[in-house]
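Below are the chains, spelled out letter by letter.
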Amino acid sequence: MIAELGLALLWIAAALACLSLVAGIVYIRTGNNDLAALVRPASVAQGVLTAAAFGLLIMLFVRSDMSVELVARNSHSLKPMLFKVAGAWGNHEGSMLLWLTILGVSGALVALFERRLRNDTLVATLAAQAALSLGFFAFLLFSSNPFNRLPVAPPDGQGLNPLLQDPGLAFHPPTLYVGYVGISVAFSFAVGALITREIGPAFARAMRPWVLGSWIFLTLGITAGSYWAYYELGWGGWWFWDPVENVSLIPWLAGAALLHSVSVTATRNALRAWTVMLAVIAFSMSMVGTFIVRSGLLTSVHSFAVDPERGTFLLVLMAVYIGGALTLFAFRAGSVAEGKKFALMSREGSLVINNLLLTTILALVLLGTLYPIIAEAMGEKISVGPPYYNKVAGPLALILCLVMVAGPLLSWRKDDGKKLWTRLPAAILAGAAVLFGLVLFGGKVGVLPLLGMTVAGIVAVASLAPLWKRNLRRTPLPTWGMVIAHFGVAVALAGMAAESAFIKERLVAAAPGETVKVDDFTVKFTGVSPIAGPNYTAIRGTLIATTPSGASFTLHPEARTFPGLMGTAPTETNEAALLTRPGGQLYAVLGQPVPSADGSSADRYQLRLWWKPLVWWIWLGGALIAIGAALSMLGRAQLLEIWRARRARKAQERFA
Amino acid sequence: MKAKHQRLILAAVALCGVAGAGVLGASALRDEAAYFRTPAEIKAGQAVVGEPMRLGGMVAAGSIQRQSDGVTIRFVATDGKASIPVQFTGIVPDLFAENSGMVADGRMLADGTFVADRILAKHDERYMPPQMGDMPKNMKVAPKV
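In order, the protein sequences belong to chains E and B. First residue of the first sequence: 1, per our numbering; consecutive thereafter. First residue of the second sequence: 1, per our numbering; consecutive thereafter.
So here's chain E without its partners, still in its complex pose (with noise of 0.2 angstroms):
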């Protein structure tokens, strides 16, 4: 019964989806007040149905039903009621669905709470909204039904890869979806505006709590994600330049460039043309980074099914979306008024210059990603890694980090250059301290490390001086906000220079009682033990990390084996242990056991050993930026400015 409801709820949501768009077209059309009225309650009746849907679906997954395809392919009536729940959205249509479910829930949000647009531009996004719901209803529907019954029961399910069996990773696709998908409607404003020509500081303020939420739920899935695989995958990286980590990352570019134009437009009704084309490229980037995904056409943990029919649908799917949404641009954009004029020199002039670097990386963060798949089509393959990535994309980092120590300190329309100097001072010396700290004291240091580590001790005094001679208490939160957020990213800078530019590594076959050395720490290797875990059985190392002072810790790396389900192979994987530290983490893994050197004695272990100097600044840094932009969303949330009138109000009535 649960199916069948949970399948009839999607096909009232997508109707609802359907009158949405039609009565919107009809209103813009004719002007048709009655219609228009309808669609607000079907947005939200749409979003409600859509997410109820989901609901059962995890239900079904909660009751281990088997006769449903998708539990009995996704699930066990044995796995820990976590992953249950998970196992809904860890997979194609689950997360097909999971996609729909926020797609309909924000176009409810914004049909319940928007008041600041005129009644048109808000029909007509919403309206673009359920357009975009339609297609992947049809999609969902029509290819990748969630709810499909099996004709036989099976006794139990397929069970879900092992490796997936993170609480970390419950949570890390939802998170990511949520800002893939939020950005969505960031999408609709930008189509809904150009349809009405409502393009200027309203449609600008009704964007923004929107661009930075969906930012805030990139940033800290990608923190998140990144962290996972440092500690999950045991090769001590934070960041791989996996092509599925690339998809992630270019719309968190696509959105953090909009975020900043977006305020121009709010703010100083400049950049119009610009901040609705950012809108649309951002979502455009998501649907592009599920296509890549979803499609096959690359093939990781992240990608579920190679399905040439899929992949063709979701191509079509976004090829009608993205080209729709850049015709209506082309023959609107002419009609966009010039915006308000502004001197290179101003605050305006270095969000431009932001802008157009972050839009530089990320088209050559795409390139990057596509160029193998360009490639392997006409014949080649090629494979493109960290030192491309790396080579690109750091310098310009750095020189984005140069403009963000300006931009904050610079005044709208029309600064001075020369007084920009003496706002700078402090920052400079901080600069010049670090960088004159490490030539003299640290060693040997790389060229882009050493500027990393420059220019983050610049960006952190700088991003503070907002603040100077400020009455703390009267600051509004978005200039917290963007303080908090720039800080953040000297933090993370500054993590990410020091740790490649003073990691220490050892790879060693030790030998129980065997000591090694790593950066100032003394690790005695005591041997290793068998142990169970609940679902798979390990060896695990014991190691004594003594620090100079004599404080002493221990480690326990493992090596675990999970045993194959139904005749499929066992899988193993290494366990890191990891030593946290006020200045940075001692990484620990356990290796093969080898035989001794002379075969008599008792068997060697490898181990691996880092030593990552400030490399959990890198995750606290993209903690801090998604901190600074919440604090900015609250501070621009309309449901705030509605309390403050309210309570101004108030006071005024007490006054008189």
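These are computed hints drawn from the structure, not numbers from a lab. One or more of the hints may lead you astray.
Heads up, simulated BS3-like pairs for lysine-lysine below, C-alpha to C-alpha not over 30 angstroms straight-line [what the hints assert, rightly or not]:
1. Lys341(E) to Lys414(E)
2. Lys414(E) to Lys504(E)
3. Lys381(E) to Lys81(B)
4. Lys340(E) to Lys81(B)
Please read all numbers here as calculations on a predicted model, not as lab measurements.
Guided by the hints, dock chain B onto chain E, whose structure is given.
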């Protein structure tokens, strides 16, 4: 007039930026993109010594030799037509074994040895380069070299 002038400068700057980025991207791709090669292609001369490269093949039966330091291995990668000796220092992935597929990132030395910085095993669920999918499943394994 002044505003027009300024927009012109801005457009020129943007254009230069885009052109510069294009040049940067193209040159970085030329220098850093790694070609995927099979042992037969390398033997046919399709590899430049010292350039980043990705080698794909089967680990020949009985070819894995562990060096006395315990962390360096030497083995032979083969595609049934030709064989290349490979050297790797590090912890090999769990699924790395004789008679199974692997992909190695690294470079050729002048003496004909491939030095790997990273080894990926076929069927490694965490990551599998797309090229692995194309490798014939019933690839004939060459005799030990």
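Quick rundown of the hints versus the structure:
no.: 1; hint: Lys341(E) to Lys414(E); result: holds, 10 angstroms
no.: 2; hint: Lys414(E) to Lys504(E); result: violated, 48 angstroms
no.: 3; hint: Lys381(E) to Lys81(B); result: holds, 19 angstroms
no.: 4; hint: Lys340(E) to Lys81(B); result: violated, 68 angstroms
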